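Single-letter residue listing:
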Amino acid sequence: MVPAQWYLLLAAAVFCIGVFGVLTRSNALMFLMSVELMLNAANINFVAFSLQWGNVTGQTFGLFTMAIAAAEVAIGIGIILVLYRNFRDTDVTSATTMRW
Amino acid sequence: MNPWIAIGALAVMGVGIPLGMMAVSAILRPSVPEQGKSAIYESGEIPTGTTRIRFNIQYYMVALLFVIFDIETVLIFPWTVIYRSALESGVGLGKVLFPMLLFIGILTMPLVWAWRNGAVEWVKSPRATSRKVEGES
Amino acid sequence: MSLPSVTATLLQSGGALPEWTALAPTLALALTALALLLVDSISPETKNNALLAGTTAVGSFVSLAFSGWYLAAGTGQSGTGGEIVLYGEALVVDGMYLFFSAIFASVAAMVAIASYDYLAGKEYQGEFYALTMLAATGMTLMASANSLASAFVALELASLPSYALVAFLKKNKGSVEAGLKYFLIGALSSAIFVFGISLVYAVTGSLLFSDVAEALGETELVGVAGVGVLMIAGGFAFKTASVPFHFWAPEAYEGAPAPISGFLSSASKAAGFAVAFRVFVEAFSLSAIPEGINWVILFQILAVVTMTLGNFAAATQDTVKRMLAYSSIGQAGYVLIGLAALAGGASSQNGDVMGAAMAHLFVYGFMNTGAFLFIALTEHWGIGRTFEDFNGLASKAPMACAAMALFMFSLAGLPVGGGFFSKYFLFANAVFAGFWWLAALGAINSALSLFYYSRVVKAMWIEDATSEFEIRSKPVGLYAGIMIAAVGTFLLLPAFGPIIETAQTAASALFGA
Amino acid sequence: MAAFDYAPVIVLLPFLSFLVAIGTAIFARGKNVLPKGGALPGIVAMAGALLLSIWMFVTVEAQGAYDQTLYTWASGPGEGTFTLTFGVLVDQLSAMMLVIVTLVSLLVHVFSLGYMNDEDETGLPRYYAGLGLFSASMLGFVVADNLLMAFMFFELVGLCSWLLIGFWFREPGPPSAAKKAFLVTRFGDYFFLIGVVAVFATFGTSQFSPIGGMEAFPVLAEEALTGSAEGINTFGFDAATWFNIVGLLVLGGVVGKSAQFPLHTWLPDAMEGPTPVSALIHAATMVAAGVFLVARMYGFYALIPTTLAIIAFIGGFTALFAATMGVVKREIKQVLAYSTISQYGYMMLALGGGGYVAATFHLMTHAFFKALLFLGAGSVIIAMHHNENMWDMGGLKERMPVTYYTFLSGSLALAGIFPFAGFWSKDEVLYETLVHGLGGSPLLLAAYAMGLLAVFFTGFYTFRMVLLTFHGEPRSETARNPHGVRWNVKGPLVVLGVLAATAGFANLVPVEKLTGANVDFLHDWLYHGPETLNGEHYSTLLHDVAGYTAADFSVLISAAVSLGMALAGVGLAWMLYNDPSPEEHTAKLGAVKDLWYHNYYQDEFQVWLAETGGLGIARGSDKFDQGVVDGVVNGVSSVSLFSGSRVKRVQTGVVSNYAALLTLGVVVLMVALGLYGGWFL
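Residue numbers (our numbering), protein chains in the order written: chain U, 13 to 112; chain Y, 35 to 171; chain G, 63 to 575; chain W, 527 to 1207.
Treat each hint with caution, since some may be false.
[What the hints assert, rightly or not] Here are a few chain G residues that sit away from chain U, every Cβ distance over 12 Å (derived from the structure):
hint: 1; residue: PRO106
hint: 2; residue: SER140
hint: 3; residue: SER224
hint: 4; residue: LEU242
hint: 5; residue: LEU246
hint: 6; residue: ILE254
hint: 7; residue: SER260
hint: 8; residue: ALA264
hint: 9; residue: MET293
hint: 10; residue: GLU313
hint: 11; residue: ARG384
hint: 12; residue: HIS442
hint: 13; residue: GLY496
hint: 14; residue: ILE506
hint: 15; residue: ALA571
[Unchecked claim] Partial pick of chain Y residues on the chain U-facing surface, computed with a CB cut under 8 Å:
hint: 16; residue: LEU44
hint: 17; residue: GLY48
hint: 18; residue: VAL58
hint: 19; residue: ILE87
hint: 20; residue: ILE91
hint: 21; residue: TYR94
hint: 22; residue: VAL101
hint: 23; residue: ASP104
hint: 24; residue: LEU109
Hints were generated in silico from the structure; no laboratory data involved. Treat the numbers as computed from the prediction; the structure is a model and nothing was measured. Glycine included, C-beta positions come from ideal geometry on N, C-alpha and C.
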């Protein structure tokens, strides 16, 4: 069996890639995808440690995460859609009417 | 035996087979360069524009409806796995079946709502009456 | 309530009602949401605002009534056999759940009543109310979550409708921008939150609070667990708009429809605190957690930075709504004292401090919602957003302006409303618990807050109108919402005793005292 | 106790007239709604109050005193808290004072018809409103049954004096005089206020006499000094020392209101007000309030001989000091003003010297003859077309006989000539001081000496005034053809003239000594008060606690000496000024004349004191306030606003930056907590 810390490292790496995407991408969809990556990093942990601990809590929770991620994306795309209609752009940095 | 050997073998096979096929075909086939061969295959249509085209937003609604069923399936799956064994171990039918019926019932409600609000109607022109077409969730 | 009555023992624990009825406050809200969806499915084009708002308000009041009844009857409280655990320990009903449910339901009711006018003539009314109710359902579930899984699901159930609600005004750039920012920061935060959960799961192998606490006590992976705890705290910090997860708040509150701003800054914030209180006291309890994971210090930092940043930024705002948004961040800083002024071991002060924080949230639910509803009223009238635009408003609408002055002074902690006592008890209990410096910082920040709160009152009551504006109508719903909030704020001054008593009893029960 | 149920009405009647007059002044401006400009409601109210007061007086005689709490406006829960009440205390002292105040006030109202209405003054409703409120405040003060209530009405009296002295506010003098009166008395009241707080802090009550569940502070103080004190907080001082401090603090208010040295300077300036107001202020209300307060709480002062000696010394000194200044004045009202200061000095002397009855007696007789003198002066002033300079008068005797004879009666009383009222009371004041001084208090003897010397000056300046005003040849055209006065001026003068001649018969102590007849009525009256508020109790206290003993000394010798001094003064005045065209003899006094003429440079000295000391302190405080306090406040606020404006720049509006800052925040927290908790080991 693969030692647990490797899963942790893998998940951390995926999570960091997600964070990197969040920080560098200004396209709203890419932002969303990066967040999905972060969620999936969590899922890796859940599934891996579900196996590790021998219970299905983690796996079930992974399913929940996926469901919620899907719902999140549904809402997100809706918001991005109205963003495009109002600002003619899907660039998250374009909407800066409110600040300070 | 190290369990990684199997994974390594799988990886070698996975990469080796396509590479091998391409190599073999490159060796065997005659080389006759022609413009039509390097064009993108579009079932006979002449390709225009780039790959980055916009899809009609109404696909979004379809995608969302798909998500509903997708999630439904995902969440029903563990239930199906334990359904029979739960029944066999003596848990009553009401306790096993009813929660899932409730869940599906709750999920049905938004589906009906989306249907009634026109999520599945395909509007010809997106500029024409677009009311209540792309309502969220 | 510490008084067990005869009916109390007979409700759920005595078998008069099935156990699941203990969740009635949540169920009432959820059923209201489904009913609203049903109405909207039957006639999608309906603009029957009165029906929709009425249904929402009635549902909220029913939920509030259940909470009040159960609180009085002692459901889930020590007098009647302690907390009621449901659904494989995923949910729990105790005094704290009922207390917070009462906050959510009353805020939701006020928002619904006020939205009757605010939404007049707008599209998608059914969806608006349904989403509000869904979010409220999520909030009550947050207060009852007993496992990290249900906490996460409940948190998302509260968050996702909120995103849509903030961006509800689809043609309004501000609303859309606010929704986008709220959503993006929310998505990022929930990713961090769920990753934190996964790390804690990795260390403990369970998501149930009690099991987590047990396993954390024996773990050697302090680092992983610590990072997990920190990330989970981040998720709550997002919900409560605490630094550094607060960035969404000023924009979201400013851009959102004003009733939603009130809903989010009062109820949603309270929900964040509700789940944070339970998670940190039960799952990461100070008595069980390894030495290295000192989350009290974390919350001390958060409290200080949050209240300072919120108040300082609020002091320099030009628009009233954004000022309120920042002040709401500052208020979150005060409530964080409820987590920051805790001491290890079984100190009886812990329950008192946290109870005071809960009581502050209760009062805050009225006064802050009321303030945002007043903003909704001004938006309804179409007068501007800056302080100058409010000049001389009192001569046109004295009732509403008097209520607004009450909210402002109560928020600042002057003895005109319940805000005085709640803040006083919060700081006093922090001092009793030995954290006088937190209380002192809070008091200094309160003094600063008086400056910007009184600016609003000054503009309305003292300044002369600079521009001519006409008040076309006196909308009944908005006025009713504001007056409910005002009466609540005012009555909580004399009636603060039972509130703080209930809150402190509920909090002490959480600490197992 | 039906009669006493109407006691509050005495206060409310003048207040009602105030409301009527002020209502007219506000709502019917310029319209002559009230006949006589509001005088009639005032006269009716005061007449009613007088009748009620007499009823009270008779009832007190028949049934004894009355003390009732009317309204509790603040009460603490449980032990150790204060209960603040309004109550009415009608005992022998206050019943007598009620009659005096209402009588004088009534006469002043009537006189005002002549002095104000007949002279076509404007703003009459305001004037009568002021008189009504003034009377109401004083009456409220008189019936107050606790020190705090007394203080409130004491302050109201001060406010009214400000309103009335500054009645002619369009002229330059009156507003400044009003301001001065208000500020100087306020200065004293400041100490009084601290005294009230000290009384509360010490005793937990400020009742004058025990009532219901509340104890009285003089009684508590007595118990403290006689050894059975409980629950008295003396702030670490010896009880006697602390009581002296409290007594002196309250005395501050007395000195200010009763115009005793060094806070007497406001009173001569207050002559800028209408003359009837001066009569009211000096005879019955404001100035009397100070002395009355000491008499009211004499049960407390009788316990502290040090303060008593100070009171006596201040009184004796003020009596002499003011009398000397009266000698050189040119204006008739100025002479009267200094005589007022001087006479109140006598009352203080009596109080300090252990003569409670004597002081009360002099308060009564003085109220009559000083009201008379002021009203007489007012009559003269009407006749002289508001010229007050005595050197422009002369020969008015023939032209206004009623005024002359009544004024003469008052003057004889003031000078202390047998058998006018002032003789009896002043004699008793001096006698009491003398016997207690001989009984072992040398300080009292010094005060007595000053008081005795002042008798001479009093006789002199009084008759200088009479001679210059009424005798000799007219020295100006107006004096030859004076403006006539009507019944409304003459009536009050006659009433008071008779009283000035006869009021002394209320307490004929020397006669009693001579004949053995029981004719010291006032003495008997005041000795039959409530248990802790009567003269007998006070003399016991004085003897037992304060250690005052009365030496055996003949009252006749004392009376003869003071009468001789008075006659000497009168004789000197007669010698110098009984001339058809008298000359100013003041030049003979040399440098002393300037000193007296400038009132010992007290005004200048106090202004200098205020400018050097006060202004210095004020400047320092201002610097501190502007620099340190404001600086800190402004600094904090500008630092807050500046840092606020910086802090909010973090909110750039770009959501990617938010994400970056959020991540940064999490990383920083992670590193900090990780290093702190050792996660990375």
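Hints and how they fare:
1. PRO106: It holds; PRO106(G) is separated from chain U by about 18 Å at its closest Cβ, greater than 12 Å.
2. SER140: holds, 30 Å
3. SER224: About 10 Å separates SER224(G) from the closest Cβ of chain U, which leaves it inside 12 Å; violated.
4. LEU242: violated, 5 Å
5. LEU246: violated, 6 Å
6. ILE254: violated, 7 Å
7. SER260: The claim is violated: SER260(G) sits with its nearest Cβ about 4 Å from chain U, within 12 Å.
8. ALA264: violated, 4 Å
9. MET293: violated, 10 Å
10. GLU313: Answer for GLU313(G): violated, closest chain U Cβ roughly 5 Å.
11. ARG384: ARG384(G) not clear of chain U: closest Cβ-Cβ about 8 Å, inside 12 Å.
12. HIS442: holds, 20 Å
13. GLY496: Non-interface label stands for GLY496(G): nearest chain U Cβ at 38 Å, farther than 12 Å.
14. ILE506: The claim holds: ILE506(G) sits with its nearest Cβ about 23 Å from chain U, beyond 12 Å.
15. ALA571: Since the minimum Cβ distance to chain U is about 27 Å, ALA571(G) lies beyond 12 Å and the statement holds.
16. LEU44: violated, 15 Å
17. GLY48: violated, 19 Å
18. VAL58: violated, 35 Å
19. ILE87: Violated: closest Cβ of chain U sits about 15 Å from ILE87(Y), beyond 8 Å.
20. ILE91: holds, 7 Å
21. TYR94: holds, 6 Å
22. VAL101: Holds, because the Cβ-Cβ distance from VAL101(Y) to chain U comes to roughly 5 Å (cut-off 8 Å).
23. ASP104: Hint on ASP104(Y): holds, closest Cβ of chain U at ~7 Å, below 8 Å.
24. LEU109: holds, 6 Å
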